[in-house]
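**Student:** Residue numbers (our numbering), protein chains in the order written: chain F, 1 to 507; chain Y, 508 to 604; chain B, 605 to 918; chain P, 919 to 1008; chain W, 1009 to 1121.
Treat each hint with caution, since some may be false.
Unchecked claim - Not close to chain B: a few residues of chain Y, all C-beta gaps over 12 Å, as computed:
no.	residue
1	Asp513
2	Ala519
3	Ser521
4	Ala529
5	Val532
6	Asp539
7	Phe541
8	Gly556
9	Leu563
As the list claims (entries may be wrong) - Each pair of labels, with its calculated beta carbon distance range:
no.	chain 1	residue 1	chain 2	residue 2	range
10	B	Arg850	Y	Leu570	36 to 42 Å
11	B	Trp852	Y	Ser521	50 to 56 Å
12	B	Asn818	F	Ala289	40 to 46 Å
13	B	Pro728	F	Ala289	37 to 43 Å
14	B	Leu855	Y	Leu570	33 to 39 Å
15	B	Ala702	Y	Leu570	21 to 27 Å
16	F	Pro409	B	Ala702	33 to 39 Å
17	B	Ala702	F	Gly428	38 to 44 Å
Stated by the list, open to error - In silico contact screen, one side only, chain W against chain F (beta carbon under 10 Å); selected entries:
no.	residue
18	Leu1014
19	Ala1067
20	Val1071
21	Leu1097
If you're looking for bench data, these hints aren't it; they were derived computationally from the structure.
Don't be surprised by glycine CBs; every beta carbon is placed ideally from N, CA and C.
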Amino acid sequence: MLAMALALATTGGGYLLVLAVIVPVIGMLLSLVVGGRHAERIAFALMPAGLGLALAIAIEVWVTGQPLVYILGGWPPPLGIALRADGFSAVMLVTAALVIAAAGYFARGGFATPPGVAEKRAPLAFWTLLQGLWAALAVVFLGGDLFNLYVALELLTFAAVPLVCLDGRPETLAAALRYLLFALFGSVLYLLGAALLYGTYGTLDIVLLADRTAAEPLVAPAVGFAAGLMTAGLLAKTALFPLHLWLPPAHANAPPPASAVLSALVVKASFFLIVRLWFDVMPGLASAAVTTLLAALGAAAILFGSVLALRQARLKLLIAYSTVAQIGYLFLMFPLAIGGHPWSAEAWSGGVMQTLSHAFAKAAMFLAAGVVYEQLGHDRIAELRGIGRAMPMAIFAFGLGGLSLMGLPPSGGFAAKWLLMQASVESGQWAWAVVMLVGGLLAGGYVYRVVAPALDRATVALKAPASRRREAVALALALGAVLLGFAPPEFFDLLQIGRPVAMAALR
Amino acid sequence: MNVAIDIFTIVAISAGAVFFMAGTVGLLRFPDSFTRLHALTKADNLGLGLIVLGLLPQASGLLGALKLVAVWVLVQLAGATVAQLIAHALRRKGPPT
Amino acid sequence: MSVIQALDIGLALLVLAVAGWTIAAREAFASVVGYVAYGLLLSLVWVRLFAVDVALTEAAIGSGVTGVLLISAVVRLRKTEAPAAAERPGVVLRALAAALCTVVAAALAAVVLLMPDPGATLAPEAGQHLGELGVGNPITAVLIAYRSFDTMLEKVVLILAVIGVWSLASDGNWGGVAGPRRGARPEGALAFLAQLLPPLGIVVAIHIVWVGANEPGGAFQGGAILAAMALIVLMARLTEAPEIRRRWLRLALIAGPAVFLVVGIAGFAIPGSFLAYPAGWAKPLILLIEAFMTLSIAATLPMLVIGPPDRPPS
Amino acid sequence: MTEFLLAAAGFVLLTVAVGLLRVLGGPGNVDRTMAAQLLGTGGIAALLLVAAATGVRGAEDVALGLALLAAFAAVALTNSAAPPEGRDPE
Amino acid sequence: MSAAILAGLTGAALVGLGLYGLLTDPHPLRKILAFNILGSGVFLLFGIIARKGAAAGFAADPVPQAMVITGIVVAFSATALAVTLLLRLFQETRRATLEPDAPAKTPDAGVDG
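Pulled out of the complex, with its shape left as it was, chain F reads as follows (with noise of 0.2 Å):
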C-alpha cells in the first residue's frame, strides 16, 4: 500500500514533469505568434531547457529511487490526472531531448528562413511542430492516465505527419496520408480499450487499475478484450509486422531530421505505451500465449525486416526497413522481462537498451544518410562507391550505428542484445536467442552493403559542397548508440525504478 499512497500524491521534484511538457508547448505556441526566424530561435533557446529538465528528472528519480510524481492541479486520480516518472521514463526524456536537439541542430539551414523574407512555409512548420513533437512525446513518456495518453498519441500523430510531407513531393504525400490512417486507426482502437477499462474499473489511472486488476485480475470478458484492442492499436502505430506497411515510404521519404525523428523517438512512444500496458496496468493478464505471441511477431519482423533491407535499392529505404527489424527486438523483451523470474530484471533492462540504442543509431543512420543524399543528389546503394572520401564522419557515423544494429560490441546494441539473449538462455527460451544470432548476422549483411563500397578508392561527383557540421551531428548520436556500451552499473539501476515487479516487492 506503501507505492500506492506514493503514486497518488506529489512527490519532490514533481514539478519538473510539469515542466517539462509545458516548455515545449510554450515554444511551439510562441513559434506560430511570432512567426518567421524566430520560430527557429526559439525552438533552439529552449533546447537546453528541455535537455536540462530531463536530466533533473532523471537525477531526482536515481537519487530518491522513487518514480516521481505530479497530481495536476491538484484533484488526485482517479478523478483528476498525474504525471509520473520512473527510470524508463527519465531515460527515455533524455534520449529524446538529445536526438531533438541533434535533429534540430542537423536541421539548421536546411529549414532556415532567408533573410529579407517575412517567413517561409517549410521553416514554420518544422519548427512548430518538432516542438510540437516533443510535447507529445514528453506527454507519453510522463502520462499516468490512459486517456490523457490518448490525447498524447493523438498530438504525436498531428505532430509527425505532416513532418512526413514538408517537401509536397507526390510519394510523400501518399506516404503521409497512409500514415496517418494506420495512425488514427491505431488511436481509436486503443480508445474502445481504454473505454471499456473505464467501464469495469471507473478509472484510467495507471496506478489504479493496476491495484484493481491485481485485485481481481479477470473480474470482466471486458478486461482482456480491452487489452487486446489496445495492444493492435499501439501495434500499428509502433509498425511491428505485419502493421509495418506503412512505415518504410513514411520514413524513407520525410526529410532527414524528421526522419530520424520518427524513427528514433515516435515508434518508440507507442512501443512505450505497450510495455506500459502489459507491465503496469495488468502484468496478470501477461500469459504465455500473450507475450510470446508478441515475441514471435517480433521474431518475424526481424527476420523478414532484415531481409528486406538487404534488397532495397535506397540507402533511406535501406534504413527504414532495418528499423522495422529493430522493432522486432523491442518486442522480444515480453516473454523474458514479465513476471519475477531471477532472468526479468536484465531482460528488462535489455528491452530499455534496446529502445535506446536503436534511437541513438537509427538517428545517426538517417542523418547520415541525409548527408549522402544531399551531396550526391540520391541515395541509390549502387551509385555509392568511394563516397567514404568525400565524407568520412558521415559514413563512419552510419558503420558506428551499424554496430549497434548488428549487436557486436562495444555498443548500446551490444549491451541490450546480450542481456535479452542470456535472459533467453537462462529462462531456456533459446529460440529468441537463435532470431537475435539470425538477425545480428542480416544486419551485418545490410550494413555491409552500404560500407564496403563507400570506402572504396574511387571518386565521386559531388552535388553540394560537404557540410562538416552536419556529419558531426550524426557522429555524435552514433558515438551516443556505442557510448550506451559503456554504461555503469548504476544506470541500469536507474532503468529498475519503477519497474513494476520491482514496485511490488515495495507494497
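Given chain F, work out where chains Y, B, P and W should sit, using these hints.
**Tutor:** Quick look at chains Y, B, P and W alone, frame taken from chain F:
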C-alpha cells in the same frame, strides 16, 4: 385548464405529424426534383411549426418558449434558402429528372 | 414493449441503416450525405443517453462542420472514384474482412451486455467538488477543472492540425488566403442567409457558452457554432478568410491554451499546484478560460475546413 | 401525455426514415442533399418531442444548434458545385 | 432493454461497420468516412458506460461524457488533416490512391536538391 392545454398540444402535434407524413408521401409520389423539393420544404416546415406550437404551452418558462420559436424561425430560414439554392442548382444542371 | 422502447429501437435501426448506407453506397457523394444525416441522428441518440453536452458537440462539429468539409471535398474528388473502385479487394478478402468485423462487433456487443449495471462511476466524486468550483455542470467541471490538462492538450492538437493543414500549401502561397476569391457573385438567397444567420448564431453561441457553467453547453459547443457562422459568411463570399500570416489570427488560434497555461502557471504560485484554482476564484477563472477557449475554437475550426492558403499574400 | 409525445416523435421519425430512403437513392446529388434538409426538419421535431417527454434539460439548445446548421449541407454543395475562379478547374 | 444497452449494441455494430469500411474501401475519402463511423461507435460505448454510471443524482457519469467531447473534436481535426492531405495528393497526381505504384518507380523525380 390543464386538460384544455393538453388537448391543444395533442391536436397541434397530431396535425404537425400529419404534415410530416404528407411531406413524405409527396417525396415518394412526386415525379421530379422540383416538386419533391416543394413537398420537403413546405410540408415539413409547416409540420415543425405545428409541433412547436403544440409544445409551447409545455415549455419551461419564457426562455424555453422563446427558444422553441427561434428553432422554428431558423428552420424556416434554412428551408427557404435551401429551396432556392437547390432549385438554382437544379436549373443549372438542365432539365429536371 | 413500451412506447419509449419502440422509439429507441427504431432510432437505433435508423442509425444503423444510415451508417450502413454510408459504408455501402456506390457513389461517394451519396455516402457523404448519408454521413451528414447520420451525424444528425446521432445527436438524437445522445439526447436519449442524457448527454446533452455531447449532443450539442455532435450536432455542431460531428454533423455540421464536418459535413461542410466532406461535401466540398467529395465534389472535388469526383473523378477519382472510378479508378479507386477498380482497386476494391476481391470477394474473398471482403468476406474475410466482414467475418473479422462481425467477430469484433459481436465480441464487443457481448462485452457490453455483460458489463455490470450500475457500472463503475466517478459521478459522486465529480459532483462533490461542484460547490467549491462554483459551477453546476459537472461536464464543465471535468473539462475545465478535474481534467483540464487533457482539454488544454486537446486544443494544442487542434493547433498542430492547423499547422499541418497550412503546411500543405505551396511555398508561394504561404502567408496568403485560403478559399475562393471574393466577388464571385453569390446566390442571392445564400447572401441573405449569410447576413441573417450570424447575428442569431452569435447570440445562441454566447448563450451556450454562458449557461455552460451550470447547464449543458460550454466552450467547445459555443465555439463550434461561432465557427459555423464564420463558415457560412465565407461560403457566401461576404468576406474573405484572414491571411494566415496575420498576427491577430495566430493570437486567436492560441488564445485558449495560452490562457490555460497562464492560469496554470499562476497556480504554481498561489494555490501551489499547476492548473489549480485558488479558493473563491475558481468560477471567474473557469469563465475566463472558457471565453478564450471559445475564441480559439471559433478561429481554429474554419481554418481547418477551408484548407491551406491557395493565394499568395497581398 | 408523455406516451403521446413519444409516439408522435416515433411517427415523425418513421416518416423521416421513409423519406430518407427515397432521397438518398438519388438520382442526383442535389436530390440527395435534400436528405440533410429532411432530417434537419424532422430530426429537430423528433428531438423536441423526445426532450419534452423525457424532460432532458438543454435539449432546446441542441435543436437550436441543429436549426442553425440546417442549411449547411445544401450551401456546401451549391458552393462547391459552382467552381469559382481561382480554384482548380475541374 | 434499456436505451443504454441498445445504444451500446448500436455502438458495437457501428464499430464493426466502420472497421469493415476502413479495411475494404480503397478510396481514401471513404476510409476517412469509415474511420468517423468507427469513432462514433466508440464514442457511443463511452456514452453507455456513462449512462450506466448514473449516480449521486446525475443521469450519467460526466467523466466519460467529457472524454467523448474531447474525442469528437480530435476526430474532427483528424478528418480535416486527412481530407486536406487527400486533396493535395489529388492536386499533384490527379489520383486518389494509396497504392505505391506509379510515383514510386522514379524515386528521384521532382526532387529539388
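**Student:** Checking each numbered hint in turn, tell me which of them this model violates, lowest number first.
**Tutor:** 12, 15, 16, 18, 19
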